[in-house]
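S.K.: With chain W fixed as given, assemble chain D onto it according to the hints.
Protein chains in written order, with this note's numbering: chain W, 1 to 243; chain D, 1 to 57.
Keep in mind that the hints were calculated from the coordinates and are not lab data.
Note that the coordinates shown come from a computational prediction; the quantities given were computed from them, not determined experimentally.
Note that the Cβ used here is the ideal one computed from N, Cα and C, for glycine as well.
Honestly, I wouldn't trust all of these hints.
Unchecked claim - A few chain W residues facing chain D, derived, Cβ under 10 Å: (1) A26; (2) S131; (3) I240.
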Amino acid sequence: MAFNLYYYASPATFYGLAGRLIPWFAWGAGILTLIGLYIGFFMAPTDFQQGEAYRVIFIHVPAAWMGMFIYLVMAFWSAIGLAFKTRLSFMMARALAPTGALFTFIALWTGALWGKPMWGAWWVWDARLTSTLILLFLYVGIMALWAAIDDRQRGDKAGALLTLVGVVNVPIIYFSVQWWNTLHQGASIKPSGTSMDEIMLAGMLVMAFAAWFYAIAAALVRVRTLILERERHTDWVKAILES
Amino acid sequence: MEWASWSDFWAMGGYGLYVWGSYAVTGLAIVAEIILLRHGRSQTLKRLRRMRKWEEQ
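The shape of chain W in the complex, shown without the other chains (with noise of 0.2 Å):
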């Protein structure tokens, strides 16, 4: 039989998928977490410009990269939302909206954290910074718009086209270090190859791993609460509650 996307797409279907999912992509996270933090604490060496401060790195790079991801994430399904007016494709991106704003918070706090010790300020007005702070306050002003609107389906169209109109944020973040002349260091994996040490670099990307399958997880979780709230009218949704 061939996979029916569509199938999949049904509220009722799907939170079925979602809770068989939970765990591989929890207990994913969990391990992939042990094994980045290892690599990251006992096999990656010291820095030799930085010292032991890099260690930042393993959370604060898959962190900013999260929590564009994500936001890329929420932009696609809120457009996917718009255009064919699927139930679910709203819900999507309402449950991804918190944890990319923990990871944009994320970044930030561990960017600060970083930054002190290395350039000597918590904070800098700089391209990069400002740009990832905006994209914060994207996250957080849509959760309010969302949480300020009564009407479902008017909070969902209203926080789908905030969301669209706030993706041109994600590039400009991107490229923020190539456009202006930034404090903030340029990207250390580039399409033509990275400047990393091997083992620093293979600590990040576990890392970054872990996140995503947490994201996932975190979002399924979410969208699931989403679906029984949403349905709660239908026959399916009756029958768990009672059981």
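M.R.: Positioned in the frame of chain W, the structure of chain D alone reads:
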């Protein structure tokens, strides 16, 4: 392995505050989100069950 002892490890070459400050807050934030996710799910189930009882009456 870069560490001669545990105290060497915790010191992080003098950057302990910055490195562990980063990891501690990240850990706390993740744990907080997990607690909120679980709480949210159980609260929603409770609320929906209550609503359901109400509707049946």
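S.K.: All the hints need checking, so say for each whether the structure fits it.
M.R.: Verification of the hints:
| no. | hint | in the structure |
| --- | --- | --- |
| 1 | A26 | holds, 9 Å |
| 2 | S131 | violated, 21 Å |
| 3 | I240 | holds, 8 Å |
In this structure, the one hint that does not hold is number 2.
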